[in-house]
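S.K.: One-letter residues, chain by chain:
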Amino acid sequence: MAKKTLLNAKDIHIILHRLACQLIENHNDFKDTVLIGLQPRGIFLAKRLKEILQNDYNISNIKLGQLDITFYRDDFRRRDEPLAASNTTIDFIVEDKNVVIIDDVLFSGRSVRSALTALQSFGRPESIELLVLIDRRFSRHLPIQPNYKGRQVDVINSEKVKVSWLENDKKDAVYLLSNN
Amino acid sequence: MKALSTEHLLGIKYLKNEDINLIFETADHFKEVINRPIKKVPSLRDITIANLFFENSTRTKLSFELAEKRLSADIINFSASQSSVKKGETLIDTVNNILSMKVDIVVMRHPNVGAGVFLSKHVDARIINAGDGAHEHPTQALLDSYSIKEKLGTVKGKKIVIIGDILHSRVALSNIFALQLQGAQVKVCGPTTLIPKHITSLGVEVETNLRKALEWCDVANVLRVQHERMDIKYFPSIREYTQLFGINKQLLDSLGKKIVIMHPGPINRGVEITSDVADSDQSIILNQVENGVAIRMAVIYLLAQQIKK
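Going down the list, the sequences are from chains A and B. Residues 30 to 209 in our numbering are what the first sequence lists, from first letter to last. Residues 117 to 425 in our numbering are what the second sequence lists, from first letter to last.
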């Protein structure tokens, strides 16, 4: 399997700071804003953004939750592999809040669709936005687009985009994996 | 992710320890779901479940029904008392008639031992045994173990005594299987007339002195005296039973340690257990009821996952 580096640690560092600044532009002091990282891979990005907002931009009291969408997926019983759930931790109320859903890669849009449904179980937010590190163009199955994106890439369906995080995979990088 | 090793939940006897772990892990997630403002997930939108109760039940039926609704399944309910069973229809005919309405999962309680196993061989649906005679009641045993694990951190190595009417109890048998599978030590305690003759062949010890049993254990699972199943006298009087095998606060406080009190319900207050014990902080009876919904959601979810579109 061929592996090409799309983003290295330095690229990711710059992108994360840009995304943090874009969030500040729209959400000021985050008083009415909550961040929701999607399990399993979106939570690393969400935590990283929270750290940057706190440490580099002195924004305190940022509410961060993690949401698992397994029970809301539309491919239950349509896959050979059973789906494994992860933890959901949302210990605040999303009613009337501006929610930013955070995930690493936007591909078909189905996970985000499931997340929108799942979020309804926690109240009625004022608004919901989407932030992704990688936006895979030309691969959407649903009319879903990100409000904030780190990098847009053009990738064919047989190729895979893999985001690796220092805390989980020993290195910050984004790879393109293909079979040839 | 792992899947269950079985297509039906007919009894704990047919499960492996890994199955129990998988059910518990899944139940953890559902327990979080049922504590959300909106306690429902859409996973089983296209699954239909029939609850067939050929024997009276209140809490098991409610618990299954709630679990099914929380998973968004469509459900139909059937009780033998209002049905054609009274008109002479056989079990297979009854069930096949219901299945032709395109039912995917059958939850069944039946007075006859092995009814679930029999059904699983003759009809094309996943079967969940909600109690068959005095044989097994697997979801009750799962929720009991889950509640012990929640309270004490683990089931392995714990000492559990099951007290009361072991002879007529499907809860006792399923609990013995489940607890042993997870590495717990099990004793049974009750009047000798209510303890099956060959129970020791399952690897459990029999103790007829309640105080000794309580002093030994970490958890006491107190069973109901099943008056409705007793066609002959098994003990002289309720009063004598209460004096010898009833748990009261005085006895509990005199043990010098805090044991956990469980009861599968319905409680005969003042017979096998007094009100102050049932409502004390050592009792996890209401936790058992809450966990029952999460465990049943997990079982139904994991079985439904195997039904391919």
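By construction, these hints were calculated from the structure, which means they are not laboratory data. Even for Gly, the Cβ is constructed at its ideal location relative to N, Cα and C. Among the hints, erroneous ones may be present.
Result set (BS3-like, lysine-lysine): computed pairs, CA atoms no more than 30 angstroms apart in a straight line [what the hints assert, rightly or not]:
no.: 1; chain 1: A; residue 1: K189; chain 2: A; residue 2: K60
no.: 2; chain 1: A; residue 1: K60; chain 2: B; residue 2: K155
no.: 3; chain 1: A; residue 1: K76; chain 2: B; residue 2: K177
no.: 4; chain 1: A; residue 1: K191; chain 2: A; residue 2: K60
no.: 5; chain 1: A; residue 1: K189; chain 2: B; residue 2: K424
no.: 6; chain 1: A; residue 1: K79; chain 2: B; residue 2: K155
no.: 7; chain 1: B; residue 1: K365; chain 2: B; residue 2: K349
no.: 8; chain 1: A; residue 1: K199; chain 2: B; residue 2: K147
no.: 9; chain 1: B; residue 1: K424; chain 2: A; residue 2: K79
no.: 10; chain 1: B; residue 1: K156; chain 2: B; residue 2: K424
no.: 11; chain 1: B; residue 1: K155; chain 2: A; residue 2: K92
no.: 12; chain 1: A; residue 1: K92; chain 2: B; residue 2: K373
no.: 13; chain 1: B; residue 1: K349; chain 2: A; residue 2: K76
no.: 14; chain 1: A; residue 1: K189; chain 2: B; residue 2: K118
no.: 15; chain 1: A; residue 1: K199; chain 2: A; residue 2: K60
no.: 16; chain 1: A; residue 1: K191; chain 2: B; residue 2: K118
no.: 17; chain 1: A; residue 1: K76; chain 2: B; residue 2: K118
no.: 18; chain 1: A; residue 1: K92; chain 2: B; residue 2: K156
no.: 19; chain 1: B; residue 1: K156; chain 2: A; residue 2: K76
no.: 20; chain 1: B; residue 1: K118; chain 2: A; residue 2: K200
no.: 21; chain 1: B; residue 1: K177; chain 2: B; residue 2: K237
no.: 22; chain 1: B; residue 1: K156; chain 2: A; residue 2: K60
no.: 23; chain 1: A; residue 1: K76; chain 2: A; residue 2: K178
A few chain B positions that, by computed beta-carbon distances, are all more than 10 angstroms from chain A [as the list claims (entries may be wrong)]:
no.: 24; residue: N137
no.: 25; residue: T174
no.: 26; residue: R175
no.: 27; residue: E181
no.: 28; residue: N212
no.: 29; residue: T316
no.: 30; residue: W332
no.: 31; residue: E344
no.: 32; residue: I354
no.: 33; residue: L418
S.K.: Which hints from the list above does the structure break, by number from lowest to highest?
M.R.: When the structure is compared with the hints, numbers 1, 3, 4, 8, 9, 12, 13, 15 and 33 turn out to be violated.
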